[in-house]
Amino acid sequence: MTTEPETPLFAPPPLPEQERMVEAILFAATGMVTLAELAARMPHGCDPAAALRGLAERYAGRGVELRRIGEAWAFRTAPDLGFLMQAERVETRKLSRAAIETLAIIAYHQPVTRAEIEEIRGVAVSRGTLDQLLELDWIRFGRRRNTPGRPVTYLVTEAFLDHFGLESARDLPGLAELRAAGLLDSRPGPAGGVPAPGAEGGPDPGEDAPDPDQGALFDD
Amino acid sequence: MTTEPETPLFAPPPLPEQERMVEAILFAATGMVTLAELAARMPHGCDPAAALRGLAERYAGRGVELRRIGEAWAFRTAPDLGFLMQAERVETRKLSRAAIETLAIIAYHQPVTRAEIEEIRGVAVSRGTLDQLLELDWIRFGRRRNTPGRPVTYLVTEAFLDHFGLESARDLPGLAELRAAGLLDSRPGPAGGVPAPGAEGGPDPGEDAPDPDQGALFDD
Amino acid sequence: MTGADAERPPEPEGRDWEDTPLARADRRAAEALIVDVEGFEGPLDLLLALARTHKVDLRRIAVLPLAEQYLAFVEQARAMRIELAADYLVMAAWLAYLKSRLLLPPDPEAEGPTAEEMAAHLAYQLQRLEAMRAAAAQLMARDRLGRDIFARGLPEEVERRRTIRWDASLIDLLRAYARLRTRDEFRPWAFDRGDIHGLDEALERLRGQLAARLGWLPLDAFLPDGWRRGGPRRRSATAATFVAGLELTRQGRAELRQAEPFGLLELRGRAPE
Numbered sequence: 020m021t022t023e024p025e026t027p028l029f030a031p032p033p034l035p036e037q038e039r040m041v042e043a044i045l046f047a048a049t050g051m052v053t054l055a056e057l058a059a060r061m062p063h064g065c066d067p068a069a070a071l072r073g074l075a076e077r078y079a080g081r082g083v084e085l086r087r088i089g090e091a092w093a094f095r096t097a098p099d100l101g102f103l104m105q106a107e108r109v110e111t112r113k114l115s116r117a118a119i120e121t122l123a124i125i126a127y128h129q130p131v132t133r134a135e136i137e138e139i140r141g142v143a144v145s146r147g148t149l150d151q152l153l154e155l156d157w158i159r160f161g162r163r164r165n166t167p168g169r170p171v172t173y174l175v176t177e178a179f180l181d182h183f184g185l186e187s188a189r190d191l192p193g194l195a196e197l198r199a200a201g202l203l204d205s206r207p208g209p210a211g212g213v214p215a216p217g218a219e220g221g222p223d224p225g226e227d228a229p230d231p232d233q234g235a236l237f238d239d
Numbered sequence: 020m021t022t023e024p025e026t027p028l029f030a031p032p033p034l035p036e037q038e039r040m041v042e043a044i045l046f047a048a049t050g051m052v053t054l055a056e057l058a059a060r061m062p063h064g065c066d067p068a069a070a071l072r073g074l075a076e077r078y079a080g081r082g083v084e085l086r087r088i089g090e091a092w093a094f095r096t097a098p099d100l101g102f103l104m105q106a107e108r109v110e111t112r113k114l115s116r117a118a119i120e121t122l123a124i125i126a127y128h129q130p131v132t133r134a135e136i137e138e139i140r141g142v143a144v145s146r147g148t149l150d151q152l153l154e155l156d157w158i159r160f161g162r163r164r165n166t167p168g169r170p171v172t173y174l175v176t177e178a179f180l181d182h183f184g185l186e187s188a189r190d191l192p193g194l195a196e197l198r199a200a201g202l203l204d205s206r207p208g209p210a211g212g213v214p215a216p217g218a219e220g221g222p223d224p225g226e227d228a229p230d231p232d233q234g235a236l237f238d239d
Numbered sequence: 013m014t015g016a017d018a019e020r021p022p023e024p025e026g027r028d029w030e031d032t033p034l035a036r037a038d039r040r041a042a043e044a045l046i047v048d049v050e051g052f053e054g055p056l057d058l059l060l061a062l063a064r065t066h067k068v069d070l071r072r073i074a075v076l077p078l079a080e081q082y083l084a085f086v087e088q089a090r091a092m093r094i095e096l097a098a099d100y101l102v103m104a105a106w107l108a109y110l111k112s113r114l115l116l117p118p119d120p121e122a123e124g125p126t127a128e129e130m131a132a133h134l135a136y137q138l139q140r141l142e143a144m145r146a147a148a149a150q151l152m153a154r155d156r157l158g159r160d161i162f163a164r165g166l167p168e169e170v171e172r173r174r175t176i177r178w179d180a181s182l183i184d185l186l187r188a189y190a191r192l193r194t195r196d197e198f199r200p201w202a203f204d205r206g207d208i209h210g211l212d213e214a215l216e217r218l219r220g221q222l223a224a225r226l227g228w229l230p231l232d233a234f235l236p237d238g239w240r241r242g243g244p245r246r247r248s249a250t251a252a253t254f255v256a257g258l259e260l261t262r263q264g265r266a267e268l269r270q271a272e273p274f275g276l277l278e279l280r281g282r283a284p285e
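Protein chains in written order, with the working numbering: chain A, 20 to 239; chain B, 20 to 239; chain C, 13 to 285.
Hints are computed from structural coordinates only; laboratory data are not their basis. Keep in mind it's a predicted model, so treat the numbers as computed, not measured. A couple of the hints might just be wrong.
[To be verified] Every beta carbon over 12 Å from chain A, so not counted as near; a handful from chain C, in silico:
| id | residue |
| --- | --- |
| 1 | G54 |
| 2 | Q150 |
| 3 | R156 |
| 4 | L192 |
| 5 | Q221 |
| 6 | G243 |
[Stated by the list, open to error] If you anchor each label on the Cβ, the simulated ranges turn out as follows:
| id | chain 1 | residue 1 | chain 2 | residue 2 | range |
| --- | --- | --- | --- | --- | --- |
| 7 | B | A143 | C | R246 | 42 to 48 Å |
| 8 | C | R72 | B | R112 | 56 to 62 Å |
| 9 | C | Q270 | A | Q129 | 47 to 53 Å |
[Said to hold, decoys possible] On the chain B side, residues computed to face chain C include the following (Cβ under 7 Å):
| id | residue |
| --- | --- |
| 10 | A47 |
| 11 | A48 |
| 12 | Y78 |
| 13 | R112 |
| 14 | L114 |
| 15 | A123 |
| 16 | Y127 |
| 17 | L155 |
| 18 | E177 |
| 19 | L180 |
| 20 | L202 |
Heads up, the beta-carbon is just placed ideally off N, CA and C, and yes, glycines get one too.
Start from the sequences, fold in the hints, and give me the full structure.
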């Protein structure tokens, strides 16, 4: 028996049945499931995207909602009912102010290099800050910059979007206003501008010093 | 104020709202939930039994069903859709230390021969480790080296990049960046540089020339 | 930069705090800030706090008075013998420079950015930092998974026929590599020390040498025999002897002098008092 016949031997199940399938798969999972994964698990010829549309409608306003996170989907409880779930609450390690600000800068300026984060915060990124965010799986490495030193860049992850209930990084609160105000621009400082933060207290000053060609990094 | 007034100060929420509450509680619960537990969690004056009746009706015939076992309740995948849960039968295990180290070396030094991997790890690499990584489709064979014995080289795959959320293997952070992110606890020796693989006393010095591009990763 | 600049009297030497009511307010603010200087994350953070105490609208911030407040703050910290990190002093030097450029008539011959451009960039940085803080606060206040929103608590797993999926996260991979690459760094040091002149040795030597003669001699003269030819041995011995010289000077057993930057370093012993 072939698993992927050229022309399906059987017609795909009717849409309401496909909705049931998507519902079952998403309900059974704790994490998010991508459209591709859904299609792979459902019988050949199914249209999970259409089924998801139907499901989203069905669950609108319920105690459990269908949420989109990037390219993936998941059921999540409605935010207004959080007070009922105290028993399930996970105590998360409290993030330092530095970690929170660094996370926000990465989310709003991504892809962003360490030197750029330091330029915005005006202070060296301390050890452990990026480590902590990587461990939470809220940030990841992006492409290296094509600038001297080829610094790595940082991006936020799908788990970040899931945690903060965002459909995509475009839905970050206040993004449009910040952009309109020019506060997300890559604006190079004038030469001899505000002194860049030293890598003081950093593990290896010589090596971790922010790029002196800072300005050039903001050219995209 | 008494916690259990004879006559409630506030009317309980309307039944559809109570249904939403039960729905969210059962969804998020890590086990079955009894009627008594529901009543305890919900606002005073609620009638979880009535809400459960409403919910059971709403979910009848769906991909997920409300199921009663003894005095407790839970959501369960509809029995006829069990075949979809195959992907849930997966047990996730952490890769062994030998495998993850081998994988890391291949990612950083590709294309790399088995002798070079052994030189860097300082211990022999078992056949099974490479087989496992090949089977996972995280590594593949590259060109043979033009050196005596023409050893095969290993490279990482697209599936590897995909799994680890990397744009390319070149975007892996270098040692300076690992240190800066807090992933590296020790400082480098006074010599500063990282010894090139196979630089000294390697099994086959002529053959073990590292990838010239690799230098870029370490040129802090 | 602003109209206020013109009215400002020339800066008196040894600034008197009580000359205007504004100065008094500044002083109070600066004192309050000094109390928790530890709480600031660098000069930019401090500047933002100073800006906030006077102006709500960062878009209209006047850099000159801000620079003055910052300089006053650093001055105060020094007077109270609070040790400020080098970052703060670098910023103070830069702001003093900016201030002088803002007060002087622009030099048409001068190259590079004008004082106004530099001030505008500083104002932009402050606005941007403030905006990022606000964004961070908004982000953290969202309904969050595991706190306000919950995932399925009882994921369903079908029992029969398990397939094992091997997993590893990026952080495991990076840690493994870091572990491998640093392991070697510990091992051979003890045996690699042939060309390193240790600080303890240098201290020992120098102490003896300085006790013996009291005239000024160049640092080179104190290098041990066999370490004077060029290369890493000489570098190591020079570094160790220099640090030893600094240490003995600190202890009051030696004196160190240098006529000009990069000039010859000279050292002599000092009789203990």
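Which of the listed hints are broken here?
-> 1, 2, 3, 12, 18, 19
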